[in-house]
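Please put together the full structure from these sequences, using the hints given.
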Amino acid sequence: MSRLPRASGHFRTSYAQDFRLIQTPLERRWLAALLVALLTFPFIASPFLTDLASQALLAMVGAMALMLLTGFAGQVSLGHAGLLAAGAFTAGILFRETGAPFWMTLPAAALVGAFLGVVFGLPSLRLRGLYLAVSTLALHFLVAYVGGEYESKRGFSTGIVIDPPVIAGKAVTDPRAWYFILLTAAVLTLLVCLNLLRSRSGRAWAAIRANETVAEALGIGVAANKLLAFVISSMLTSLAGALFAYYRGFVSVEAFSLFLSIQYVAMIIIGGMGSVLGAILGAVFVTLFPYLIEAVMQLLPGAGAYAGVMFAVNYAAFGVVMILFLVLEPQGLVGIWRRVQTYFLLWPFKHKPVAGARR
Amino acid sequence: MQLAVNIAVLASIYALIACGYVLIYRVSRVLNLAHGELMMLAAYLLLTTASSFAGHPLFAISAAIGLSILVGAMVYLFLMRKMTGEMALAAVLATVALGVLLRGITVIVWSAQQQYPATALGLVNPSIALPGGARISLCGALLVACTAVAYGSLLAFLRFGRWGVRMRAAGQSPLLAAQRGINLHAIYAIAWSLSTFTGAMAGMLIALDSGLGQTMTIIGLKAFPAALVGGLDSLAGALAGSLIVAAAEVLLIHYVDPLLSEVVPFLVLIAMLVVRPWGLFGTREELDRV
Amino acid sequence: MAELEVEHLRLSFGGLTVLDGISFTVEPAELFVLIGPNGAGKTSVFNCISGIYPGKGRILFKGRDITRWSPRARAKLGIARTFQHSELFPHMNVLDNIMVGRHARIDTRPWAEALSTPGVRRAEIAHRAAIERIIEFVELEGVRYADAGSLPFGTQKIVGLARALALEPSLLLLDEPSAGLSRDERDDLARFILRIKHELKLPMIWIEHDMQMVADLADRIHVLDYGRTLASGDPQSVLSNEAVINAYLGKA
Amino acid sequence: MLRKLAAAILAATALSAPAAAQDAYTIGLTGALTGAPASTYAPAVQALRIYVERVNAAGGINGRKINLILQDDSAEPGKAAANAKKLITQDGVILMLNASLSSTYAPMLAEAKRAGVPVLFASSVCPKDVYPPADPLQFCTTAFAANYDSRAVLDFIKATAKEPVKIGFSAMAIPISRGEIDFAEELSKTMGMTPVDKEVIPPPTPDYTPFATKIKDAGANWAYSWAPWVTQVRTLEALRRLDWKGDYIAWSHIEAEGELARLKDDRFYVIGANALFQDGLPIHKEIADAAKAANVQYPVQQMAEGWIAGMVIEAALKATGWPATSEKLAAAMSNLKVDTKGLRGGPIEWTKNNHFRTRQYYRVYKWDAAKISIVRIKDWTAFDVK
Amino acid sequence: MSEPMLSVDKLEVVYQRAITALQGISLGVAPGQIVGVLGTNGAGKSTLLRAISGFHGVDDARVTEGTIRFEGRRIENGEPHRNTRAGIALVPERDKVFPNLTVAENLSVPVASSGSRADMSRRQALVFHHFPRLGDLRARTAGLLSGGERQMLAIAGALMCGPKLLLVDELSLGLAPVIVSDIMQKLVQIRRELSLTMIVVEQSAAVALAVVDYGYVLENGRVVLDGDATRLRDHPDIREFYLGQSSAGGRRSYRTVKQYRRNRRWYG
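Protein chains in written order, with my numbering: chain A, 1 to 359; chain B, 1 to 290; chain C, 1 to 252; chain D, 1 to 386; chain E, 1 to 268.
Be a bit skeptical, because a hint or two may be false.
Unchecked claim - Quick list of the computed label-pair ranges, beta carbon to beta carbon:
no.: 1; chain 1: D; residue 1: R262; chain 2: B; residue 2: A4; range: 29 to 37 Å
no.: 2; chain 1: E; residue 1: R69; chain 2: A; residue 2: Q331; range: 32 to 40 Å
no.: 3; chain 1: E; residue 1: D136; chain 2: B; residue 2: G152; range: 30 to 38 Å
Claimed, not checked - Pairs of lysine to aspartate or glutamate, EDC-like flavour, derived with a Cα cap of 16 Å:
no.: 4; chain 1: D; residue 1: K198; chain 2: D; residue 2: D217
no.: 5; chain 1: C; residue 1: K197; chain 2: C; residue 2: D219
no.: 6; chain 1: B; residue 1: K82; chain 2: E; residue 2: D59
no.: 7; chain 1: E; residue 1: K10; chain 2: E; residue 2: E65
no.: 8; chain 1: D; residue 1: K113; chain 2: A; residue 2: D174
no.: 9; chain 1: D; residue 1: K158; chain 2: D; residue 2: E185
no.: 10; chain 1: D; residue 1: K245; chain 2: D; residue 2: D265
no.: 11; chain 1: D; residue 1: K378; chain 2: D; residue 2: D368
no.: 12; chain 1: A; residue 1: K153; chain 2: D; residue 2: D182
no.: 13; chain 1: D; residue 1: K65; chain 2: D; residue 2: D23
no.: 14; chain 1: A; residue 1: K153; chain 2: A; residue 2: E97
no.: 15; chain 1: D; residue 1: K158; chain 2: D; residue 2: E186
no.: 16; chain 1: D; residue 1: K113; chain 2: A; residue 2: D163
no.: 17; chain 1: B; residue 1: K82; chain 2: A; residue 2: E329
no.: 18; chain 1: D; residue 1: K292; chain 2: D; residue 2: E53
no.: 19; chain 1: B; residue 1: K82; chain 2: E; residue 2: D60
no.: 20; chain 1: D; residue 1: K378; chain 2: D; residue 2: D279
no.: 21; chain 1: D; residue 1: K214; chain 2: B; residue 2: D257
no.: 22; chain 1: D; residue 1: K245; chain 2: D; residue 2: D266
no.: 23; chain 1: C; residue 1: K62; chain 2: C; residue 2: E7
no.: 24; chain 1: D; residue 1: K198; chain 2: B; residue 2: D257
no.: 25; chain 1: D; residue 1: K166; chain 2: D; residue 2: E185
no.: 26; chain 1: D; residue 1: K166; chain 2: D; residue 2: D217
no.: 27; chain 1: D; residue 1: K198; chain 2: D; residue 2: E186
Because the hints were derived from the structure by calculation, they are not lab data. Predicted, not measured: the structure shown is a model, and the values here were computed from it. Every residue, glycine too, gets a C-beta built ideally from N, C-alpha and C.
As structure tokens, then:
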């Protein structure tokens, strides 16, 4: 989507500039700084923090995929964990049954994801909103059932163990290497999402989300575009699932519970609906939050005394924070971010002039 | 014969839980995914009142029911009320968050251990012989009876009760209802209370019958497809949906493969969504107009 | 040959008959006006022509029978429309709103879009340039990047018109474009409609309540009442028709 | 994006605060302390915690304290993987404990193998790799043992039954339980019994009667269940409500002692490797006193499993000496003999080849209506583990 | 003019925290008056009525400035049910009845300020007296009613609230002129019997000007013209824009609009 030219003193002089992702030199400088920070992070941080960052990056891929589907195309899904599971199981089963390498299982996972995208998307042609969410939920249970049956039939009662991927003749086990693999995956997903959103498909999704009937009358193939959203989102999600399988070295149904779907929904809502940045912020927040609570609780005096209930308290705190977010900040993290940004951009003024103000 | 009894008991369990989903959805178009947790909370409250009113089981049960009705109203007033006007998905997520919170709280207060409120109340749960050689436990029989009474009175209330009619009105068109002098907050709070009340009955009876632990929440979720099969906005539909799902489940367990019982509700649900997306008795959403 | 031929169009919902055998033709570059009281079925005619409602009867466009075509196929053929309440996408800016209207004319593939290939970039920029011409045509330069929802009602209606024009249509359906506009805005609208007629030579079907605009601008008028044709012909004869005055204009 | 970085930095500062104490034996546990299956694991973990506190209060081991770090995984494998990573990289543990569902094993072991840290399964099901030939890094103290348990059960049935045995089985729809019951079904055929029905019951089941109906209708006079406690006992209750009069045997999980007294069922046997508190051994009194002093949430009868794990850990660390590393600990654990003071039928003995125990002992209990108490039906019978 | 029953002062309403729908509207309604609010689509007429009857959470609209006083009490941003119980009843433009309830049920929904059973049945009798058709259709589901019957039911529903001030939004919308004038006459009659006060919002000036005592013309969220019925009827702009009559032949044709861009666009 094209954006309002922001920085003063910077004017667009060609149509190509409307289409550019990076608009101003200032943006470019910030981006460069961020990139340097991301690249040096694993060399500064402890292995544990690198693992946390990797978890967050992996979550970002899934969250952006869900944001594409729910936040932009308006199709609500509670079956995200089912698609992650599908990707992970594709990688796991192929690895176990045929010993297929990394570079073959990933495309296979994407293909399975695309196929399931059509399956998960078909109900969307008839259903909307919560009913659609529930149909994806039902499909999630079916995928989980199939995966579970495979596990028990093949006797992998404690999950399918997967060897680390071999790249350039070396098994990738180093946390830093994984950090960079997942960072690449996240950045590529980000680019794919941004590219789609500023093109024809992205506009079609936005139109469908706003009003299906109008979109249809304008000549947008509603069914085809809905399915497209499902397919792309599911492919990305499936890939994230396969990456998860390799990263953690195992696959099992229990890892893809309904709660995982809900966590992803929480990511995009807490992050801020309809914003890719929101998906990223939400993924980071939801991933890191339990650790933050734990760290805070460890700092409280006499932490040992209530160790027995600490985890229940941690669990409950997650619920409380989610509620607080939903009630107090419906725009999500990205809403806060934008407010802060506007505040600094407009300082010392308080309000933005309304665009296209009344004559 | 035993099969019929099994179907009746299972259908009653589903129906009693499902009507909680339906009540809230019908009135406020919110899907309450914390219903299982509210059920569980009610059962735990019974455990607590059982020890406070030792020796007076009826007293303990009514106190627990009263408390859970209060909880339902408070959930609306302090949480869901703030969610009016937000996206449907956000409201659903709020109920999920509430569920997480409640699960945490129950572990903090009552620990994760399996509990037996029946023992705490000093109640026994004998099995009753029925004609035809079938048997049913007392709690099972109570479940069927409670479900029948609950549905009977709810249907009557919604059809003939002045406030029941107003509840239906608020569900159809909240704005017009408000313009006709109805306090929507009161209506929604009543819906939440009623829903928690029926959920509490289900939770308590299940806990009395077979003990109480964190798994209760999963049972709450299992009744959800039943509500959908019938149509989320129809009480009669919830009853029919529960019967269909329960019958499918029991018959498959008996004649095919017990393992299937886990996915059966969802298979029935998907079949239903394909054929009649708005459910058996549900009302079709209006056509979009330009 | 007529641009559009509508023959015995019928439409009903449940038991309610909305359209009861409507027939009319629209000639090239003709400004064809549809009038009638509220609920007469004017918008339903549009919904049938653009394919949202499955009407019975026959609709021919440039001699081709499009009765069974999907809305998408009809848009590709060049049937564009505006909406009564403009129905813009409020959270998208004006530019994107108009770009959505061009959807059927853009043919980039999603996979190429995901990678933003040079072909996609070229296409986007070319279509962006085309959109700019329309923006100039309807004088929306000042609000290009404004969110559509934040614009005054009158401007929104013009954006809706621009969105329809973005399709490079060969038939334009205008659903009450003047409703809610002030006299000044109506002047603008009349100007744009005349320019579309004279410069783009587009046939238009126009639903209108403002009898003055109708009387001044219409080439031909078709009056609907309760899903039936009440009268049809040139403005003078229709507006002086006794039945029309009684049923529609009322005894004001 | 900047926000992401800020959050990461915040996390870094917050998490680096409780750095691992360098003068203690640091061990870490991931367990299902919340979530649906918590009732099985949380009591054991609590017992382990009081045991460790007692050891520390008494001056520790080799003059060093034990630093036991607990992590909750809610029985979610993804969480367990992250926990294992944290315990190894952040806390630098020399031993990891697992007290969770079997689905958490694979991710945890993947991390442990990479770091060469031994893993002890305490209160969670023993994986195959601890039996001979044992994986060098996996150990298990948990009472029950796949296959051996069913052998003991069927031996007991054969010895007890007075008429031809028509046996029904009940399992939970989780791989481990299904596998064991499948094994038992096959074994029963070779022992001259008639398997008449097998029910695999999904975990979230509101009513067990439909399953029980099938067992009863199949004409079983014995029923055997090896599954989480809920499935075992609710199948029995459902059977009894259908007026089924047969004998029922199930594994004696930590809940068993309290439940026998609750159910008061004359023909309900529990078989297990732990001595019930009913036996009143000195060690039982010791546990009860410690539990009382620590003011635990769970009944003392559920503490034995965690206590045994504590005894084994204490012995292993003692043998490791100071300074301790994972390699030294793994070596020490591969040659260990721990006296269970009567909590088990004999010592827990680990060798290079066997990280389960060299001999597994079983006892059978049931409720005796006449005596109004739990009685021991069969004393320790031993099986050699090969 | 006597003390106004309702007075709106410099009212400003904003939708979705961004879109201004009304700007500085002021008007007064004296007891027993019928006041008309005229204007084109999107002029803000319905928003004005909704502001008086109270916004609902999902509207995401707020009165940001100005006041609304009803019988001396401030009611801006009041909740709809409170305003209704205070005596303001609205007949909305769309969604005016509960489609899945029967006619009788529709009439039993309202909660009135004086809600004793006797009051309710007295009101019900009155409604059936004025709209005997509704009495015949008591058991019919409201969704199956014809447009005119639905409008009657909507008015009846509002009357069941026991209002002092009745707000009627676009009564003529989608109805045949004969039915419209019928219902309008009924309204005038009911007003007389119950000494009601009314605000009538209409796009069709012809309909409104036939019954109102005083009228306001809204355009783009502002009052551009007001006056008593005769003054409005005779005003050339009204005749031209709303009644569709050309005044004294001096009208400018749309065909002759200047073909260049009006330059006043350049001044804000």
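Right, here's what the structure says about each hint:
no.: 1; hint: R262(D) to A4(B): 29 to 37 Å; result: holds, 30 Å
no.: 2; hint: R69(E) to Q331(A): 32 to 40 Å; result: holds, 35 Å
no.: 3; hint: D136(E) to G152(B): 30 to 38 Å; result: holds, 32 Å
no.: 4; hint: K198(D) to D217(D); result: holds, 12 Å
no.: 5; hint: K197(C) to D219(C); result: holds, 11 Å
no.: 6; hint: K82(B) to D59(E); result: holds, 15 Å
no.: 7; hint: K10(E) to E65(E); result: holds, 7 Å
no.: 8; hint: K113(D) to D174(A); result: holds, 13 Å
no.: 9; hint: K158(D) to E185(D); result: holds, 14 Å
no.: 10; hint: K245(D) to D265(D); result: holds, 11 Å
no.: 11; hint: K378(D) to D368(D); result: holds, 13 Å
no.: 12; hint: K153(A) to D182(D); result: holds, 12 Å
no.: 13; hint: K65(D) to D23(D); result: holds, 8 Å
no.: 14; hint: K153(A) to E97(A); result: holds, 13 Å
no.: 15; hint: K158(D) to E186(D); result: holds, 15 Å
no.: 16; hint: K113(D) to D163(A); result: holds, 12 Å
no.: 17; hint: K82(B) to E329(A); result: holds, 11 Å
no.: 18; hint: K292(D) to E53(D); result: holds, 14 Å
no.: 19; hint: K82(B) to D60(E); result: holds, 13 Å
no.: 20; hint: K378(D) to D279(D); result: holds, 13 Å
no.: 21; hint: K214(D) to D257(B); result: holds, 11 Å
no.: 22; hint: K245(D) to D266(D); result: holds, 10 Å
no.: 23; hint: K62(C) to E7(C); result: holds, 14 Å
no.: 24; hint: K198(D) to D257(B); result: holds, 10 Å
no.: 25; hint: K166(D) to E185(D); result: holds, 11 Å
no.: 26; hint: K166(D) to D217(D); result: holds, 12 Å
no.: 27; hint: K198(D) to E186(D); result: holds, 11 Å
Hint compliance for this structure: no hint is broken.
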